[in-house]
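Taken in sequence, the protein lines are chains A and B.
Going by the numbering used here, the first sequence opens with residue 117, and the numbers climb by one from there.
Going by the numbering used here, the second sequence opens with residue 6, and the numbers climb by one from there.
Here are the computed lysine to aspartate or glutamate pairs in the DMTMM-like style, where the Cα-Cα straight-line distance is at most 20 Å:
{"id": "1", "chain 1": "B", "residue 1": "K123", "chain 2": "A", "residue 2": "D131"}
{"id": "2", "chain 1": "A", "residue 1": "K162", "chain 2": "B", "residue 2": "D111"}
{"id": "3", "chain 1": "B", "residue 1": "K119", "chain 2": "A", "residue 2": "E160"}
{"id": "4", "chain 1": "A", "residue 1": "K331", "chain 2": "B", "residue 2": "E76"}
{"id": "5", "chain 1": "A", "residue 1": "K151", "chain 2": "B", "residue 2": "E161"}
{"id": "6", "chain 1": "A", "residue 1": "K331", "chain 2": "B", "residue 2": "D38"}
{"id": "7", "chain 1": "B", "residue 1": "K162", "chain 2": "A", "residue 2": "E155"}
{"id": "8", "chain 1": "A", "residue 1": "K300", "chain 2": "A", "residue 2": "E322"}
{"id": "9", "chain 1": "A", "residue 1": "K125", "chain 2": "A", "residue 2": "E138"}
{"id": "10", "chain 1": "A", "residue 1": "K331", "chain 2": "A", "residue 2": "D174"}
{"id": "11", "chain 1": "B", "residue 1": "K149", "chain 2": "A", "residue 2": "D131"}
{"id": "12", "chain 1": "A", "residue 1": "K125", "chain 2": "B", "residue 2": "E161"}
{"id": "13", "chain 1": "A", "residue 1": "K126", "chain 2": "B", "residue 2": "E161"}
{"id": "14", "chain 1": "B", "residue 1": "K164", "chain 2": "A", "residue 2": "E148"}
{"id": "15", "chain 1": "B", "residue 1": "K169", "chain 2": "A", "residue 2": "E160"}
{"id": "16", "chain 1": "A", "residue 1": "K269", "chain 2": "A", "residue 2": "D242"}
{"id": "17", "chain 1": "B", "residue 1": "K42", "chain 2": "B", "residue 2": "E76"}
{"id": "18", "chain 1": "A", "residue 1": "K125", "chain 2": "A", "residue 2": "E157"}
{"id": "19", "chain 1": "A", "residue 1": "K162", "chain 2": "B", "residue 2": "E105"}
{"id": "20", "chain 1": "B", "residue 1": "K42", "chain 2": "B", "residue 2": "D26"}
{"id": "21", "chain 1": "B", "residue 1": "K149", "chain 2": "A", "residue 2": "E123"}
{"id": "22", "chain 1": "A", "residue 1": "K269", "chain 2": "B", "residue 2": "D38"}
{"id": "23", "chain 1": "A", "residue 1": "K162", "chain 2": "B", "residue 2": "E106"}
{"id": "24", "chain 1": "B", "residue 1": "K149", "chain 2": "A", "residue 2": "D136"}
{"id": "25", "chain 1": "A", "residue 1": "K162", "chain 2": "B", "residue 2": "D26"}
{"id": "26", "chain 1": "B", "residue 1": "K162", "chain 2": "B", "residue 2": "D111"}
{"id": "27", "chain 1": "B", "residue 1": "K42", "chain 2": "A", "residue 2": "D174"}
{"id": "28", "chain 1": "A", "residue 1": "K162", "chain 2": "B", "residue 2": "E103"}
{"id": "29", "chain 1": "B", "residue 1": "K164", "chain 2": "A", "residue 2": "E155"}
{"id": "30", "chain 1": "A", "residue 1": "K331", "chain 2": "A", "residue 2": "D312"}
{"id": "31", "chain 1": "B", "residue 1": "K164", "chain 2": "A", "residue 2": "E160"}
{"id": "32", "chain 1": "B", "residue 1": "K164", "chain 2": "A", "residue 2": "E157"}
{"id": "33", "chain 1": "A", "residue 1": "K269", "chain 2": "A", "residue 2": "E345"}
{"id": "34", "chain 1": "A", "residue 1": "K162", "chain 2": "B", "residue 2": "E109"}
{"id": "35", "chain 1": "B", "residue 1": "K164", "chain 2": "A", "residue 2": "E161"}
{"id": "36", "chain 1": "B", "residue 1": "K119", "chain 2": "B", "residue 2": "E109"}
{"id": "37", "chain 1": "B", "residue 1": "K149", "chain 2": "B", "residue 2": "E121"}
{"id": "38", "chain 1": "B", "residue 1": "K42", "chain 2": "A", "residue 2": "D312"}
{"id": "39", "chain 1": "B", "residue 1": "K164", "chain 2": "A", "residue 2": "E150"}
{"id": "40", "chain 1": "B", "residue 1": "K164", "chain 2": "A", "residue 2": "E123"}
Don't read these hints as lab results, they were simulated from the structure.
Chain by chain, the residues:
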Amino acid sequence: MSMNFSEFKKLIGADPWNRDPETLRARNSAPEFEKAATEAEAFEEKLQSALQIQPPVDLLAEIRGISQQPIQQRSWMPLALAASLLIAVGAVGMVWKQARQGDSVESYLADHYSTDGPALVAQATDLVAQQDVYNIMASLNATVDQPLSDRIKFIKFCPTPEGRGAHMVVSTSQGPMTIIFMPKTQVTDGEMVSFDQMHAFLLNLEHGSAAVIGKQSQSVESLEAVLRESLKTGLLGA
Amino acid sequence: MTSNTERTNRFNELAEAYSTDLYRYAMWICGNDALAKDLVQETFLRAWRALDSLKDVGAAKSWLITILRREYARTFERKVPKFTDVDKVVVVDDEELEPEEQTERDMLRQGILKLEPKYRDPLLLQVVFGHSCAEISEQLGTSKSAVMTQLFRAREKLKTQLQKDGVTGNVHELF
Numbered sequence: 117m118s119m120n121f122s123e124f125k126k127l128i129g130a131d132p133w134n135r136d137p138e139t140l141r142a143r144n145s146a147p148e149f150e151k152a153a154t155e156a157e158a159f160e161e162k163l164q165s166a167l168q169i170q171p172p173v174d175l176l177a178e179i180r181g182i183s184q185q186p187i188q189q190r191s192w193m194p195l196a197l198a199a200s201l202l203i204a205v206g207a208v209g210m211v212w213k214q215a216r217q218g219d220s221v222e223s224y225l226a227d228h229y230s231t232d233g234p235a236l237v238a239q240a241t242d243l244v245a246q247q248d249v250y251n252i253m254a255s256l257n258a259t260v261d262q263p264l265s266d267r268i269k270f271i272k273f274c275p276t277p278e279g280r281g282a283h284m285v286v287s288t289s290q291g292p293m294t295i296i297f298m299p300k301t302q303v304t305d306g307e308m309v310s311f312d313q314m315h316a317f318l319l320n321l322e323h324g325s326a327a328v329i330g331k332q333s334q335s336v337e338s339l340e341a342v343l344r345e346s347l348k349t350g351l352l353g354a
Numbered sequence: 006m007t008s009n010t011e012r013t014n015r016f017n018e019l020a021e022a023y024s025t026d027l028y029r030y031a032m033w034i035c036g037n038d039a040l041a042k043d044l045v046q047e048t049f050l051r052a053w054r055a056l057d058s059l060k061d062v063g064a065a066k067s068w069l070i071t072i073l074r075r076e077y078a079r080t081f082e083r084k085v086p087k088f089t090d091v092d093k094v095v096v097v098d099d100e101e102l103e104p105e106e107q108t109e110r111d112m113l114r115q116g117i118l119k120l121e122p123k124y125r126d127p128l129l130l131q132v133v134f135g136h137s138c139a140e141i142s143e144q145l146g147t148s149k150s151a152v153m154t155q156l157f158r159a160r161e162k163l164k165t166q167l168q169k170d171g172v173t174g175n176v177h178e179l180f
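Based on the sequences and whatever the hints tell you, model everything.
In structure tokens:
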């Protein structure tokens, strides 16, 4: 049975480049079929043109950089878990106390970042006024100088494990990263912690500490030198 | 076992072949350039970790799209806000368009962003990735006839918007 005009229009409306024999036969069967097919193809060219957008120039290079990361070997997981369990059971007394402190910072970062971290990164598009940065940091007995102060795209007070701190989003050559300044919390200097597809680099400052949070494709530890140079703490000798 | 070099080469081939289309797809489903870039990077990060599970290279495109769609769904489960800044991202083509053609294309772009996901998703899979109706059906887990209906209606909606513009002559009233 041959295709009627309504069926033909629905078919080419769903798949304008359809070239199966039945569709071609219908197309050639009458002028209005041919006209409808030609119009559908013209619209399709406009649609394809409208959808053409160029990706960021650095996208491919950044993706290639992913392959420089170590591969997580799943087959080692059971063995690693068993070994971890043995170590944990054997050394529970000493480890427990230290682990508790480390876990608390890690848990805090995971909870805190999951609350609004990704949203704040997405919203942070313009540089923050230097005066706003100064006001917030001064109330935490700290200052942020260049070069970090020139990169801050968002800053607000935030809760930390011990009192109030600051939550910043900074621009870097690897994309935006988040810095949590914890004025009264000590961390294991240089430790990396992971949570929910993110990772964080912890560093102790003269007073308090900071965590640099980024995606696992970002080198969060690369901000260490900038942070140590720019983030000054304990201005009042506290 | 595949050597690290082979693995890296295989990954880089996937990145070269599909990163542009994945970015376009991500951009049109989320409407935000930064989020689109993040989605594509996360997609390839997951692909890198799970690369050994990809046995059929012919299935790579669908595999990557599935990863990206899951990542997108997961991102929005975290209530990341949605922004629409496609005008900032789209590149002005070299070809010189008449003002009417330029307006029409802008209208189409806005129209695509405004389409409901059930119409937009199959349309993007077809136009951006060149998927057949059967492939879209498999990707979205719906019947082929449902996909064809959604594709037809997606185009009809876009055409209707353009025709409305032709009647009123005011593009700003349409969206």
